[in-house]
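Protein sequences, first through last, are from chains C and F. The numbers in the numbering used here rise by one with no breaks, and the one at position 384 of the first sequence is 384. The numbers in the numbering used here rise by one with no breaks, and the one at position 101 of the second sequence is 101.
Simulated from the structure, these hints should not be mistaken for lab results. No experiment lies behind these values; they were computed from the predicted model shown. Some hints here could point you the wrong way.
Cross-link-like lysine to aspartate or glutamate pairs, in silico, EDC-like; alpha carbons within 20 Å at most [to be verified]: (1) C/Lys292 <-> F/Glu102; (2) C/Lys342 <-> C/Asp100; (3) F/Lys112 <-> F/Glu99; (4) C/Lys342 <-> C/Glu46; (5) F/Lys112 <-> F/Glu102; (6) C/Lys298 <-> F/Glu7.
Not the full set, but computed from the structure, chain C residues with beta-carbon under 10 Å of chain F [to be verified]: (7) His101; (8) Glu131; (9) Gly157; (10) Gly223; (11) Asp263; (12) Asp301; (13) Leu352; (14) Thr396.
Chain F stretches covered by chain C per the calculated footprint, using a threshold of three residues with CB under 8 Å from any CB of chain C [unchecked claim]: (15) 69-75; (16) 140-147.
For each residue, glycine too, the CB sits at the ideal point set by N, CA and C.
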Amino acid sequence: MAQRPVPRAVVHADTWTRAAGLLAAGELTLLSIWGDTGQVHVALLEPADHGIAVLTLPCPDGNYPSIGQVHPPAIRQERTIRDLFGIEPVGLPDTRAWLDHRDGTNYAFLPVEGEGLHQIPVGPVHAGIIEPGHFRFTCDGETVVRLEERLGYVHKGVDALFGGLPLDRAARLACRVSGDSAVALSLGFARAVEAALNITPPPRAIWLRALMAEMERIANHLGDFGAICNDASFAIMQAHCAVLRERMLRAADAAFGHRLMMDRIVPGGVTVDLDAQNVAAIMGLAVDIRDKFAALTKLYDGSASLQDRTVNTGVLTQELARQYGAGGYVGRASGRAFDSRKHPGYAPYDALRFEVPILTDGDVNARVWIRAREINASLGLIEQMLRDMPDGDTMTHVTTGSGEALTLTEAFRGDVLVWLRINQGSIDRCHIRDASWFQWPLLEAVIEGNIVADFPLCNKSFNCSYSGHDL
Amino acid sequence: MLRFLREGLRTPLTEPRPPADPEIAVLAASLNETARRRLGHSLSIRQVDAGSCNGCELEIHALNNAFYDIERFGIHFVASPRHADVLLVTGPVTRNMREALERTWRATPDPKWVVAVGDCGANGGVFAASPAVVGGVSAVVPVDITIPGCPPSPTRLLAGLLSLFKD
Chain C
1 MAQRPVPRAV
11 VHADTWTRAA
21 GLLAAGELTL
31 LSIWGDTGQV
41 HVALLEPADH
51 GIAVLTLPCP
61 DGNYPSIGQV
71 HPPAIRQERT
81 IRDLFGIEPV
91 GLPDTRAWLD
101 HRDGTNYAFL
111 PVEGEGLHQI
121 PVGPVHAGII
131 EPGHFRFTCD
141 GETVVRLEER
151 LGYVHKGVDA
161 LFGGLPLDRA
171 ARLACRVSGD
181 SAVALSLGFA
191 RAVEAALNIT
201 PPPRAIWLRA
211 LMAEMERIAN
221 HLGDFGAICN
231 DASFAIMQAH
241 CAVLRERMLR
251 AADAAFGHRL
261 MMDRIVPGGV
271 TVDLDAQNVA
281 AIMGLAVDIR
291 DKFAALTKLY
301 DGSASLQDRT
311 VNTGVLTQEL
321 ARQYGAGGYV
331 GRASGRAFDS
341 RKHPGYAPYD
351 ALRFEVPILT
361 DGDVNARVWI
371 RAREINASLG
381 LIEQMLRDMP
391 DGDTMTHVTT
401 GSGEALTLTE
411 AFRGDVLVWL
421 RINQGSIDRC
431 HIRDASWFQW
441 PLLEAVIEGN
451 IVADFPLCNK
461 SFNCSYSGHD
471 L
Chain F
1 MLRFLREGLR
11 TPLTEPRPPA
21 DPEIAVLAAS
31 LNETARRRLG
41 HSLSIRQVDA
51 GSCNGCELEI
61 HALNNAFYDI
71 ERFGIHFVAS
81 PRHADVLLVT
91 GPVTRNMREA
101 LERTWRATPD
111 PKWVVAVGDC
121 GANGGVFAAS
131 PAVVGGVSAV
141 VPVDITIPGC
151 PPSPTRLLAG
161 LLSLFKD
C-alpha cells in the first residue's frame, strides 16, 4: 500500500547512510526518525523546495546504522528507538536510555571537570505549575557553563497505546499527546487518517478546523507572552494577557463546547458547527484583542527594565536553528523561515492571506516578538475565515479501509508530524513527533554563558512540551 | 503603564464564588473535621504533575487569572511541598513519576490532603491501559477528593478546592 501524500521507499543500508550524510551536510532536514516492528523510518525534508520523503530500513538483525553519529539532532530519537523497540542504532554516540527510566537514580549525567564548578539539580518536581523534568546545571559562579536535561518523566507509552485502537478512540488519544496543542494534534491526526483512506472532509469542516487552530495559537501565545514577562517580574503583563487568554478560551467554550477544543476535530470533519451568534462573538473578541494587545506590546516595547532582561538573552544561532530544523517561534526568531501552513501547506491556508514573521536575533526578545506578530497574523486569519466561511456539511463518512499517511500540521510551538498506518479501520501504528523534540536540545545550547536567573526566561521563551516529547 | 494600573482599578473582572459541586461535596463531607477546623480558611497548595498531558495544568493556571482570582479565598500555590497543606495532583501517574510523587507526599507535613485532578488523575483516563502508567493518583498516594473532567474547568476546580473548607 502506498503512503500518502508523500512517498515512502524501502531502502538498503547504503542509501540510508547516504541520507545521513546529506543530513549532516545540511542538504536535508530531519523531520523525524522512529521505530516500527523490525524496521526504522526516517522522514526527510528538502529545505529548498519543501519536498518530503520517508525512507524505511528493514532491520532483520535488530540493528541499523545510527544517523545520530553524523547528525546530532537524531540522537534522542534514536535513544528512544532503542528504549521502545529494542532496535540498536549502531554507532550511536550516546547509548544511555532516554525514555526508559528503569536505571532509576543511577543515570550517568555527563562528567564535568574544572576548578570551582558547582552543580544545581532541579526537578523533576518544579517550583510552579509546570510539567516534570530534570535540569542539571553546571555553573561557574552565576554563569551556566552547561545544562543537561533529563526528560521522560511523563512517558505514558503513547506509541504502544495506539496499536489496535479504533479511529475514534485513537483521535481522543492523539488530542491528549500534549493538551496545549490539542487542536493541532487532533487536526494532524485527522488529516493523516483522511489522507490514508483517501477521504476529503467537507469545505466548511476544513475552515472550522483552521478557525479552532488559530484560536488555540492565539490563546497559547497570549499565555506565553504574559508568562515570559512574569519571569522577569513584570507581573502586570501576565495579569492582562491572562485575561485576554481566558476570554479566548471562553469564546471557544461557547462556540465549540470545550475550552481547549478537545475532541472537536475528528477524522471526517468536526463534531460541532458554528452558529451566527458565535461568529459575531468571536469577531468582536478578535477586534477587542487586537486593540488591547497593541497597547500591551507598546508597554513591552517601552519598558527598559523588561527589555534589559530579554534582549541578548538566550541567543540561538541561525546555524543551530537550521541544523535542528527548529520549528515555530524558536526557528523563526533565528532566521528559519518554515511554516507548514505555507509549505508543504494545507487547506484552507492556501486561500488565506497571512504573514509568517521572521527575525534573526535569536534571543528571548525575538521569540517574544515572533509571538506578538503571530497573534496579529492569527487575528487576521480569524477575521478572514469568519467572513468567507463556506456553508454546508461539517462531517463526511469515514470508510473502513487500510492505508498509510504522513502529515505536517502547524501547532503554536511548531510543526507536528503525524505518521500512521491503518489496518481495516483501526490503527496499526501511529508516530507523533511534536516540535519540542528538536527544541529541547537547543535550550541546552542557548543557556550556555547566561546567568542562572535567566534560565526561567529562556525556558519560557521556548515553552517546550514535556508530554509531547515524553509520549 | 499608568493606563493599565488605572484600568485594573476601574473594571474588576472577578466573578462570584461558584456554587458547591454536588458530586465533589459528598466526598468532602467525609473529610477529617478536626483538620479542617485547624486549617481554617487558608490553604497552601503544591501542584504536582505526575504524568498529565498538561491540559489540567493550563486550567489550574487559569485559577490565578482575574476572573477566578483564587487567592481571594485564602488559597495560594507554594513552591515547596514542605509549605503545603494540599497536594493537587494531576495524572495519570507514570512509572517514571511514581517515586517523585511518593517523595513529594512524604515531604508534605501533616495534616495534609491530596486532591486528584482530572479523569487521568481519577483513574488513568485514556492512558489507563498503558504498562508505562501506574494508574490514577490513588494507586500511589491516599486521595481525599477527586475533581474529574478532561480537563476540569477552573470553575469546577475552584468549587472542588473550596469544598475542603469547613463552613
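Tested hints:
1. Of the pairs offered as hints, the one joining C/Lys292 and F/Glu102 is violated, with about 44 Å between alpha carbons and a cut-off of 20 Å exceeded.
2. A C-alpha spacing of about 37 Å is found between C/Lys342 and C/Asp100, which places the hinted pair above 20 Å, so the restraint is violated.
3. With a CA separation close to 19 Å, the supplied pair F/Lys112 and F/Glu99 stays within the 20 Å bound.
4. For the suggested pair C/Lys342 and C/Glu46, the alpha carbons sit about 15 Å apart, so the restraint of at most 20 Å is met.
5. Taking the CA atoms of F/Lys112 and F/Glu102, the gap is about 14 Å. The hint holds against a cut of 20 Å.
6. Using a Cα cut-off of 20 Å, the hinted pair C/Lys298 and F/Glu7 holds, with the two alpha carbons roughly 16 Å apart.
7. A hinted interface residue such as C/His101 counts as satisfied when its beta carbon comes closer than 10 Å to some beta carbon of chain F; here the least separation is about 4 Å, so the hint holds.
8. A distance limit of 10 Å between C-beta atoms decides the matter here; for C/Glu131 the minimum to chain F is near 5 Å, and the interface restraint holds.
9. Nearest Cβ of chain F to the Cβ of C/Gly157: about 3 Å, under the 10 Å cut. The hint holds.
10. Interface hint status for C/Gly223: upheld, as the beta-carbon distance to the closest one in chain F is roughly 8 Å, under 10 Å.
11. Interface restraint check for C/Asp263: the shortest CB-CB distance to chain F comes to about 9 Å, inside 10 Å, so the restraint holds.
12. A distance limit of 10 Å between C-beta atoms decides the matter here; for C/Asp301 the minimum to chain F is near 12 Å, and the interface restraint is violated.
13. Against a cut-off of 10 Å between C-beta atoms, the interface hint on C/Leu352 is violated, since the closest Cβ of chain F lies about 27 Å away.
14. The restraint placing C/Thr396 at the interface with chain F is violated, with a minimum CB-CB distance near 25 Å, outside the 10 Å limit.
15. Beta-carbon proximity to chain C at under 8 Å applies to 0 residues in the stretch 69-75 of chain F; the threshold of 3 is not reached and the given coverage is violated.
16. Only when three residues or more bring their CB closer than 8 Å to a CB of chain C does the claim for the stretch 140-147 of chain F stand; here the count is 0, and the claim is violated.
Going down the numbered hints, you'll see the structure goes against 1, 2, 12, 13, 14, 15, 16, while the others check out.
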